[in-house]
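Novice: Sequence:
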Amino acid sequence: MHFTIIQSMAISRLSFACRHGFHYSPSLFHCFQKVRFSSVAAIETLFDQDNVIKDKNQNLGDPKALEWKKWNSKELGISNSTISRPTKKVLHGLKKNGYEVYLVGGCVRDLILKRTPKDFDIITSAELKEVVRTFPQCIIVGKRFPICHVHIGDTIVEVSSFSTTGPKFRVDLSNVISPPIDCDEKDYVRWKNCLQRDLTINGLMFDPYKRIVYDYVGGLEDIKKAKVRTVIPASTSFQEDCARILRAVRIAARLGFRFTRETAHFIKNLSRSLLRLDNQRIMMEMNYMLAYGSAEASLRILWKFGLLELLLPFQAAYFVRDGFKRRDKRSNMLLCLFSNLDKHLAPDRPCHNSLWVGILVFHKALSDQPRDPMVVAAFCLAVHNGGDILGGVKMVKKLTKPHDVSFHELSEPQNLNSEALVDEVVDFAASVKQVLYWMTNEYYVSQAMAEYPQAPCSDLVFFPLAVYLKVCRIFECSREGSEKAFMPKQGRKIDYEMLALGSPQEVRHTFARVVFDTLFPLNLT
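Residue 1 is where the sequence shown starts when you use UniProt numbering, and the numbers rise one by one after that.
Simulated from the structure, these hints should not be mistaken for laboratory data.
Think of the CB as a built atom: it goes at the ideal place given N, C-alpha and C, for glycine as much as any other residue.
Careful: at least some of the hints might be erroneous.
Claimed, not checked - Taking lysine-lysine and the BS3-like style, the derived pairs with C-alpha atoms no more than 27 Å apart in a straight line are:
no.: 1; residue 1: Lys74; residue 2: Lys96
no.: 2; residue 1: Lys96; residue 2: Lys186
no.: 3; residue 1: Lys186; residue 2: Lys210
no.: 4; residue 1: Lys70; residue 2: Lys89
no.: 5; residue 1: Lys70; residue 2: Lys304
no.: 6; residue 1: Lys118; residue 2: Lys192
no.: 7; residue 1: Lys325; residue 2: Lys397
no.: 8; residue 1: Lys192; residue 2: Lys70
no.: 9; residue 1: Lys114; residue 2: Lys89
no.: 10; residue 1: Lys74; residue 2: Lys129
Stated by the list, open to error - For each label pair, taking beta carbons as the anchor points, the in silico distance ranges come out as:
no.: 11; residue 1: Lys398; residue 2: Arg272; range: 50 to 58 Å
no.: 12; residue 1: Gln447; residue 2: Asp278; range: 20 to 28 Å
no.: 13; residue 1: Met498; residue 2: Asn523; range: 47 to 55 Å
no.: 14; residue 1: Arg258; residue 2: Glu419; range: 50 to 58 Å
no.: 15; residue 1: Phe486; residue 2: Arg349; range: 23 to 31 Å
no.: 16; residue 1: Glu127; residue 2: Arg321; range: 50 to 58 Å
All chains should be built: construct the whole structure from the sequences, respecting the hints.
Specialist: Here it is, written out as structure tokens:
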């Protein structure tokens with residue numbers, strides 16, 4: 001019986017002004033509708049030169065200057081109706097005041113790929129102080145690269161300005177990259193901003209009023225090839241900002257893209273520079289990887305390129321003990337847990353970081369000391385029910401669904417009686433708490449890979465105290481008994497707003513579903 005069955009037994013358009021001077025090809029648009037962009041194969045149709053809005057002064061001769069292009073957004077399959085309402089409100093407010101506005105970065109890439117953007121970023125010709133004057137609920141944030149946060153209802157829309165000085169490169173790039181030839185002033189300003197982007201596929205600009213997508217760095221070509229490439233040489237890019245390594249991993253995992261040879265080389269060779277990042281930044285990037293629906297792919301890439309040893313040494317040690325090769329196509333219990341978590345999440349439906357940290361802790365405790373599948377099931381149900389251990393034990397006694405015997409983290413079933421099951425659940429809960437302490441203690445983290453002297457040593461602990469306490473609260477009930485006034489989740493539907501906020505009810509419910517779907521999969525034969 002699957003977890004959801006057991007659970008049920010126990011728990012009774014803003015329109016945009018547009019120029020109409022561009023050619024529109026219905027057959028091309030139809031091609032985009034028929035083919036899903038996860039395959040990116042359909043985008044090859046676009047690279048017929050007839051589909052490009054050519055600039056008369058495109059530079060095709062200088063090898064240091066990229067061929068830059070303007071694309072009709074309709075022919076890329078972009079509809080303004082896919083832009084969120086709060087974003088439209090900000091765009092319209094700035095445009096009405098006479099400023100140029102563009103969507104920029106990953107949202108343009110996602111619109112082309114028919115994916116739901118995590119958020120929409122705007123860049124404008126307005127000064128930041130003019131943006132603040134335009135919107136009553138707007139503040140300027142950031143010191144190194146200030147931007148505006150415009151509050152529209154419950155949504156924050158990020159707005160940057162062309163006038164804001166971006167980070168200056170410490171290396172002279174004049175011998176590597178040349179500006180577009182014979183471009184006008186606006187093209188030059190746009191190109192200069194795109195040069196500050198991390199990856200070519202994030203270097204696209206979209207004017208929703210003129211319905212033009214500007215590509216100065218070859219981003220669309222890399223989308224076509226499903227490649228992740230840095231805008232400037234990878235060695236320079238990653239040395240300027242090593243967090244770009246993590247962003248490149250995150251985007252490759254989410255889109256299923258591959259790194260170019262140069263990008264892959266410097267991700268591996270400059271990996272130790274990640275230890276220079278502050279913990280808050282690492283936590284933010286890891287959360288983007290593991291909380292938005294691409295956790296399994298992210299873990300595989302981190303392991304493949306030798307980053308997992310630095311960021312999550314305990315999990316790297318598990319891969320080594322498991323005989324998991326760098327390019328291994330097989331799976332294991334850790335990857336299966338995150339694969340099942342991914343099925344519930346998406347860029348616009350993330351989870352709270354306490355959920356994925358809790359899964360890491362849970363798995364580490366189980367891999368250290370394999371347990372009877374019924375003990376694990378009862379533990380998860382106790383967590384779900386807010387500490388009702390006896391209730392969880394009664395439910396698993398009715399469980400007839402076979403468990404996945406391929407996981408060495410599960411011991412042979414012992415047919416334990418109810419009293420022994422309760423004792424085992426409490427003992428497992430204690431080991432989970434112990435592992436949480438180890439994973440947040442620099443000494444124990446530094447010893448995680450001690451058995452493997454050739455592995456890099458890392459004592460990196462980036463989980464903040466608030467997350468430690470949150471995960472403690474999620475699991476503590478399974479050791480101390482029922483929480484007062486806690487109401488377990490009713491039904492199957494996940495409240496994603498509450499899950500993102502870290503509601504104990506939603507986090508516990510989703511955790512239990514992920515574990516049950518892993519241990520007792522429906523397709524098991």
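Novice: Please check whether Met498 and Asn523 have a Cβ separation lying inside 47 to 55 Å.
Specialist: Violated, since Met498 and Asn523 (Cβ atoms, about 30 Å apart) do not stay within the stated range.
Novice: Starting from Lys114, check that the Cα of Lys89 is at most 27 Å away, please.
Specialist: With a Cα-Cα distance of about 22 Å, the restraint between Lys114 and Lys89 holds, given a limit of 27 Å.
Novice: For a C-alpha distance cap of 27 Å, please report whether Lys192 and Lys70 respect it.
Specialist: 16 Å, holds
Novice: For the pair Gln447 and Asp278, does the Cβ-Cβ distance stay inside 20 to 28 Å?
Specialist: About 23 Å separates the Cβ atoms of Gln447 and Asp278, which means 20 to 28 Å holds.
Novice: Between Lys186 and Lys210, does the CA-CA distance stay at or below 27 Å?
Specialist: Answer holds: Lys186 to Lys210 is near 14 Å, not above 27 Å.
Novice: Given the hint that Lys96 pairs with Lys186, test it: the Cα-Cα distance must not exceed 27 Å.
Specialist: Answer holds: Lys96 to Lys186 is near 19 Å, not above 27 Å.
Novice: For the pair we were handed, Lys74 and Lys129, check the Cα-Cα distance against 27 Å.
Specialist: 33 Å, violated
Novice: Return holds or violated for the Cβ distance of Lys398 and Arg272 against the range 50 to 58 Å.
Specialist: Distance hint for Lys398, Arg272 holds at roughly 51 Å.
Novice: Verify the proposed pairing of Lys74 with Lys96, using a straight-line Cα cut of 27 Å.
Specialist: 23 Å, holds
Novice: Okay, Arg258 versus Glu419 on CB: inside 50 to 58 Å?
Specialist: The hinted range 50 to 58 Å holds for Arg258 and Glu419, with Cβ atoms some 54 Å apart.
Novice: Would the hint linking Lys70 and Lys304 be met if the CA-CA limit is 27 Å?
Specialist: Judged against 27 Å, a Cα distance of about 37 Å means the pair is violated.
Novice: Take the C-beta atom of Glu127 and the C-beta atom of Arg321, compute their distance, and say whether it sits inside 50 to 58 Å.
Specialist: 56 Å, holds
Comparing the model with each earlier hint shows violations of hints 5, 7, 10 and 13; every other hint is respected.
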